[in-house]
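Peer 1: Here the protein sequences line up with chains W and U, keeping their order. Under numbering that gives the first Met the number 0, residues 0 to 405 are what the first sequence spells out, in order. Under numbering that gives the first Met the number 0, residues 0 to 345 are what the second sequence spells out, in order.
Any given hint could turn out to be false.
[Said to hold, decoys possible] Calculated lysine-lysine pairs in the PhoX-like style (CA-CA distance at most 25 angstroms, straight line):
id	chain 1	residue 1	chain 2	residue 2
1	W	K48	W	K31
2	W	K55	W	K339
3	U	K157	W	K68
4	W	K119	W	K321
5	W	K31	U	K157
6	U	K7	U	K313
7	W	K68	W	K55
8	W	K222	W	K162
9	W	K333	W	K120
10	W	K285	W	K263
11	W	K364	W	K292
12	W	K64	W	K120
13	U	K157	W	K120
14	W	K166	W	K366
15	W	K318	W	K119
16	U	K141	W	K119
17	W	K119	U	K157
18	U	K141	W	K120
In short, the hints are calculated from the structure, not lab data.
Now for the letters of each chain:
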Amino acid sequence: MKKHLIQAVAIVLLLGLAPLANAAGIRNGVVKIGVLTDMSGVYSAIGGKGSVVAAKMAVADFGGKVLGKPIEVLSADHQNKPDIASAKARDWADTDHVDMIIDLLNSGCGLAVQKIGAEKKVIIINTGAGATALTNEQCSPYGIHYVYDTYALPKVAASSIVKHGGKTWFFLTADYAFGHSLEENTAAFVKADGGKILGQVLHPLSTSDFSSYLLQAQASKAKVIGLANAGGDFINAVKQAREFGIVKGGQTIAGLLVFLTDVKSLGLEAAQGMEFATAFYWDRNKASREWSKRYFAKTGAMPTMDQAGVYSGTMNYLKAIKAAGTDDPDAVMKAFRAMKINDFFAVNGHLRRDGTMVHDMFLVKVKKPSESKGPWDLLKIVRQVPGDQAFMPMSQGNCPLVKGKK
Amino acid sequence: MENSLNKKLLVVLLLIGLGAPFVVYPVFLMQLYCFALFACAFNLLLGYTGLLSFGHAAFFGGAAYITGYLVKNAGFTPEMGILAGTLAAAAMGFVFGILTIRRQGIYFAMITLALAQVVYFVALKAPFTGGEDGLQNVPRGKLLGLVNLGRTYHLAGKSLELNLYYFVFAIFCAGFWLLYRTINSPFGQVIKAIRENEPRAVSLGYRVERIKLLAFVISAALSGTAGATKTLVFQLASLTDVSWHTSGDVVLMTLLGGLGTVAGPVMGAFTVVSLQTGLSSIGSWVTVVIGAIFVICVLLFRRGFVGELSRIIKKVFEGDLPSEDSGRIQGRQEGKQAPGPGAASG
Chain W
0 MKKHLIQAVA IVLLLGLAPL ANAAGIRNGV VKIGVLTDMS GVYSAIGGKG
50 SVVAAKMAVA DFGGKVLGKP IEVLSADHQN KPDIASAKAR DWADTDHVDM
100 IIDLLNSGCG LAVQKIGAEK KVIIINTGAG ATALTNEQCS PYGIHYVYDT
150 YALPKVAASS IVKHGGKTWF FLTADYAFGH SLEENTAAFV KADGGKILGQ
200 VLHPLSTSDF SSYLLQAQAS KAKVIGLANA GGDFINAVKQ AREFGIVKGG
250 QTIAGLLVFL TDVKSLGLEA AQGMEFATAF YWDRNKASRE WSKRYFAKTG
300 AMPTMDQAGV YSGTMNYLKA IKAAGTDDPD AVMKAFRAMK INDFFAVNGH
350 LRRDGTMVHD MFLVKVKKPS ESKGPWDLLK IVRQVPGDQA FMPMSQGNCP
400 LVKGKK
Chain U
0 MENSLNKKLL VVLLLIGLGA PFVVYPVFLM QLYCFALFAC AFNLLLGYTG
50 LLSFGHAAFF GGAAYITGYL VKNAGFTPEM GILAGTLAAA AMGFVFGILT
100 IRRQGIYFAM ITLALAQVVY FVALKAPFTG GEDGLQNVPR GKLLGLVNLG
150 RTYHLAGKSL ELNLYYFVFA IFCAGFWLLY RTINSPFGQV IKAIRENEPR
200 AVSLGYRVER IKLLAFVISA ALSGTAGATK TLVFQLASLT DVSWHTSGDV
250 VLMTLLGGLG TVAGPVMGAF TVVSLQTGLS SIGSWVTVVI GAIFVICVLL
300 FRRGFVGELS RIIKKVFEGD LPSEDSGRIQ GRQEGKQAPG PGAASG
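Same shape as in the complex, but just chain W (with noise of 0.2 angstroms):
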C-alpha cells in the first residue's frame, strides 16, 4: 500500500516538472497567439476583428512558421469586462497552451490578464489599454506595453501645445479613474511649461449633454480646453463644443486621447484644426501607407495605432521567437528587450525592463477639410517626439523589477 502511494506521488511529481524539462524549441509543437479584445462593445472600431486580422496578417508576412512549427492565431471578446477577460486568459494559458496573449484594449482588462500572465508565464502583449500602472506599480516579466500610455500621449500633446502659445487649460474631464488621472498628468506637464490651469469640470460617464460643461470651459477665457476623456464622451463633446462656436471663438480644443476611428465618425467639419498625440498614423510614410493599404483592402477602413500595434507587437514577437531559438516565455523576453524595433509601426523602438515599449511619439493635426484629398486623408503630423522624451522615465516609475535590478 504505502510503496503504492510513493509510485504514485513520484508520478505525480514527474509529471509535474514535465513542462519543465524540455525548455528548448518550441513547447507543444506550436505556438499559439491570442488576441484578447472588445468585439461588441464600444472599443471594438479601435480593436476588435480589425486586431484579429492584423495579428492573422503578420502570421501570414511571416512565413506561417517559425522555428518549422506552425503558428496559430485564436481570439476572443472580453466583453471590456475584466473577470471575462480573466477567465478567458485563464482558460487559454491551462488549456490551449497560449504563448502570448495581445491587445486586451481596456485598463481593467488589461491590468487583469497582465497578473494571469505573470503567474502562468505567459507574454502579454497590451497594445489597447492606457494605464501607467501597466510597467509601474503592477508590472510584470512577462508583460509589455506596446503603443501608448497616459503618461505619454498628454506629454507630447501638453508640452507642445503650452509651447505654442496655449498658456491658460480649462478641463473636461471624465469623472472616473481614467479620467482624473489623464487630468492629473497633462495638468502637471502644462504647469511644468509654464503654462496655468484655469479650472476643470468632472461629467459623468457617457454624458450626453454636455452643455452646461462647455459653457462653463466657454467662460473660463482659456486657451485651451483639455478633454480628459475619450470613445463616445469625447465625440460628443467636440460635437457640441462646435455648435457653442468654441472653436471659432478662438479657443482650442485638445483631445488627451484620440483614436483614428474618433477623428473619422466625427469629421473633419468639427474635428479641424484639433491637435492630439499619437503613435501611428497610416500616411506617415512609404513603408506605413503600404502596409495600411494591405490592411484597408481586407477590412475596408484604415487601422488605428492599436490595431496597427497589434500586427507590429505579433510581428516583433515571432522574431523574438526566432532570435531566442525557443519560445521559452524568458528566453523571449530577453531576445525581445534587445532588440531594436523600427518597422512601419514603430520609430526608435527598444523594450524596457519595466516593459514599456519606448518608441517616439507624433503630435498630429486634423486637417480642414480642405487640405483633406480623400476619406481617410485626416491628418497631418506636426512634429515627431523622441521615445525618451515622450515616455516617463524609468527612475520616476515604481516598477517593481526596475528596483529589483539596481
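Use these hints to put chain U onto chain W, whose structure you have.
Peer 2: Below, chain U alone, put in the same frame as chain W:
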C-alpha cells in the same frame, strides 16, 4: 421525506463533482458553482417567496468587493474573508429588505434596482474599489492558514487548481444544502404559503413582513457567499459584479432552469455561464443567442428545464406515487407563472 433514489442520485452527483476537475477545466467549474449558488439563493426569493428582486447584484458584488478588500489589504484568510463578505451581504440585505419588503411586484423590483444602482455608484466612486479597473490581484491565501489555495497541480499536461476547486465545491454544497433545508423546513412552508396567498397567511397569524424579510436576508447572504467565493476564484472584483446586467443574468438563470425547483437554478446557471464562456469567440452574437434561447424557453417550456423535466417524469410514472417533495413543488408550479418573464425582458 427523501426516498432512496434521491439519495443515490445525490451520491452520484457528489462523485461527479469530486471527479469533474480532472475532465473539465476547474476554473470554469468553479465559476459555474459560484453562479449556481447565486442563482439558488435568488430562487429562494423569486421561486419560493414570490418576490422579484432586480438588485441582487448588489449583494453578489458588494460581498465580492468587501472580501477582496479584506483579503488583499487587511490580511484576512480566505474563509474569514468569505464569512465577512457573507455577513456584509446579510447586513445589506437587511437594510434593503426593511426599505422594500412592504412593496410588491414591479414596485419591489424597481426599488431593489434603484438601491442596487446606489451600490454600483459607490463601487464606481469609492477609493478602495479601484473604479472601473476593479479590485485586482486579490491573493487566494491559505485556508485556515494551512492549505495553500493558490497551489497548482500539473497532471498530464494540465494545470489543475485542485485545492481551490474542492474548497469552492464544498462551499457550493454547503450553500445548496442550507437552501434545501430552508425550503423544506416549516419556515419554507410558510414562505410558500405567503407566495400563494399572502392575505391568507396573514389571517392564519403569520407575521408576513418579518418572514419575507428573513427570506430576503438569507437570499442576500448566500448571494454574498457566492460573490465572495467568485472573488477568490478570479482574484478580482469588478464593476460587472455589481452592475444590473448581473442582476438580469441571475433572473435569466433561474427562469431558464426552472423557477421554484431545487435543482433548476443550478441547471440554469450552468447553461448561461457555459454559453457565455463557450461562445465568447463569436463575439457580439452571444447576447443574441442567449436572448433567442430565453425567448424559446419562455414560449415552449415555461417551467424551465428542470420544471419541464420533472413534469415529464411525473407523467411517465403516472400511477406511481411521486415523491411527496416533487409533488408539492409541482402543485405550486401549476398555479403560478411568476412575474418573471415580462419583467426580465426589460
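Peer 1: Does the structure break any of the earlier hints, and which numbers would those be?
Peer 2: none
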